[in-house]
Amino acid sequence: MLPKRKSLRLPNHDYACGWYFVTICTKDKRPSLGTVVGGDAHIAPHVALSNIGSVAEMYLKRIPGIDTYVVMPNHVHFVVSIAAEGGPMWASAPTQALGSLVRSFKTLSTKAVGQKLWQRGYYDHVIRNEADYLRIWQYMDENPVRWTEDEYYEG
Numbered sequence: 000m001l002p003k004r005k006s007l008r009l010p011n012h013d014y015a016c017g018w019y020f021v022t023i024c025t026k027d028k029r030p031s032l033g034t035v036v037g038g039d040a041h042i043a044p045h046v047a048l049s050n051i052g053s054v055a056e057m058y059l060k061r062i063p064g065i066d067t068y069v070v071m072p073n074h075v076h077f078v079v080s081i082a083a084e085g086g087p088m089w090a091s092a093p094t095q096a097l098g099s100l101v102r103s104f105k106t107l108s109t110k111a112v113g114q115k116l117w118q119r120g121y122y123d124h125v126i127r128n129e130a131d132y133l134r135i136w137q138y139m140d141e142n143p144v145r146w147t148e149d150e151y152y153e154g
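Going by numbering that gives the first Met the number 0, 115 is the number at position 116 of the sequence shown; the sequence numbering is gapless.
There's no promise every hint is true.
Label-pair distances were calculated between CB atoms; the ranges are [to be verified]:
id : residue 1 : residue 2 : range
1  : R29       : R145      : 14 to 24 Å
2  : R119      : D39       : 32 to 42 Å
3  : G37       : R134      : 37 to 47 Å
4  : G38       : A96       : 30 to 40 Å
5  : A47       : K115      : 14 to 24 Å
6  : R61       : Y138      : 18 to 28 Å
7  : D39       : S80       : 10 to 20 Å
8  : I42       : V125      : 27 to 37 Å
9  : D39       : P63       : 33 to 43 Å
10 : G113      : H41       : 19 to 29 Å
DMTMM-like, lysine to aspartate or glutamate: derived pairs with alpha carbons at most 25 Å apart [as the list claims (entries may be wrong)]:
id : residue 1 : residue 2
11 : K105      : D140
12 : K115      : D149
13 : K110      : D39
14 : K28       : D140
15 : K115      : E56
16 : K105      : E129
17 : K115      : D39
18 : K28       : E150
19 : K60       : E129
20 : K26       : E153
21 : K105      : D27
22 : K105      : E56
23 : K26       : E129
24 : K28       : E141
25 : K26       : E56
26 : K26       : E148
27 : K110      : E148
28 : K105      : D39
29 : K110      : D27
30 : K28       : E56
31 : K28       : E148
32 : K60       : E141
33 : K105      : E150
34 : K110      : D149
35 : K26       : E141
36 : K105      : E153
37 : K28       : D149
38 : K28       : E129
39 : K115      : D27
40 : K115      : E141
Please keep in mind that the hints were generated in silico from the structure rather than gathered at the bench.
Keep in mind the model is a prediction, meaning the values are calculated, not measured.
We treat Cβ as the ideally placed atom computed from N, Cα and C, and that holds for glycine.
Make a model of the complete structure from these sequences and hints.
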């Protein structure tokens, strides 16, 4: 018998609306989305996307309600707002729930590249206030600069 998988979702939280910080990792945390380049006196560190990374970015940009995102070599982060009624909804998703949105993104981008791209599941953080939002925005903005210190860095 397989052990029961522990849920990373908050119990009793309605994931159908709100602001969320989401992280999705590539399968086996392979750096298939790109490479961090730059970092010298003339060019700030940034991610040079691979073809697969460009596909992932294209589908990220299609998520209604997306506020900001960053594509890293082996994961993506994004902030998305999901409204309770009449708000953003992924065209192919049957509900506005965060899980449906993530599932649609992963499915469509995987089909587009023709190979298993993402690990199972995702990480989310409910953004509770403006200070929380600003901290997350800064973290995402600095992610390429601090890549070698990132918890997902495997170099």
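What's the verdict on K28 and E150, does the C-alpha distance respect the 25 Å limit or exceed it? 11 Å, holds
Restraint check for K28 with D149, where alpha carbons must lie at most 25 Å apart: 13 Å, holds
Would the hint linking K115 and D39 be met if the CA-CA limit is 25 Å? 34 Å, violated
Is the hinted range of 27 to 37 Å satisfied by the C-beta distance from I42 to V125? At 36 Å between Cβs, range holds.
Do the beta carbons of D39 and S80 sit within 10 to 20 Å of each other? Taking Cβ atoms as reference, D39 and S80 lie about 37 Å apart, which means the hint is violated.
Straight-line alpha-carbon gap K115 to D27, limit 25 Å: 10 Å, holds
If you draw a straight line from the CA of K26 to the CA of E148, is it 25 Å or shorter? Holds, because 20 Å separates the two Cα atoms, which is no more than 25 Å.
Straight-line alpha-carbon gap K105 to E153, limit 25 Å: 22 Å, holds
For the pair supplied as a hint, K26 and E153, is the alpha-carbon distance within the 25 Å limit? Holds, at about 13 Å.
Given the hint that K28 pairs with E148, does the C-alpha gap stay at or below 25 Å? 15 Å, holds
Given hint E56 paired with K115 - CA-CA distance at most 25 Å: Answer holds: K115 to E56 is near 16 Å, not above 25 Å.
Is the hinted pair K110 and E148 satisfied, with a Cα-Cα distance of at most 25 Å? 32 Å, violated
Going down the numbered hints, you'll see the structure goes against 3, 7, 10, 13, 16, 17, 23, 27, 28, 34, 38 and 40, while the others check out.
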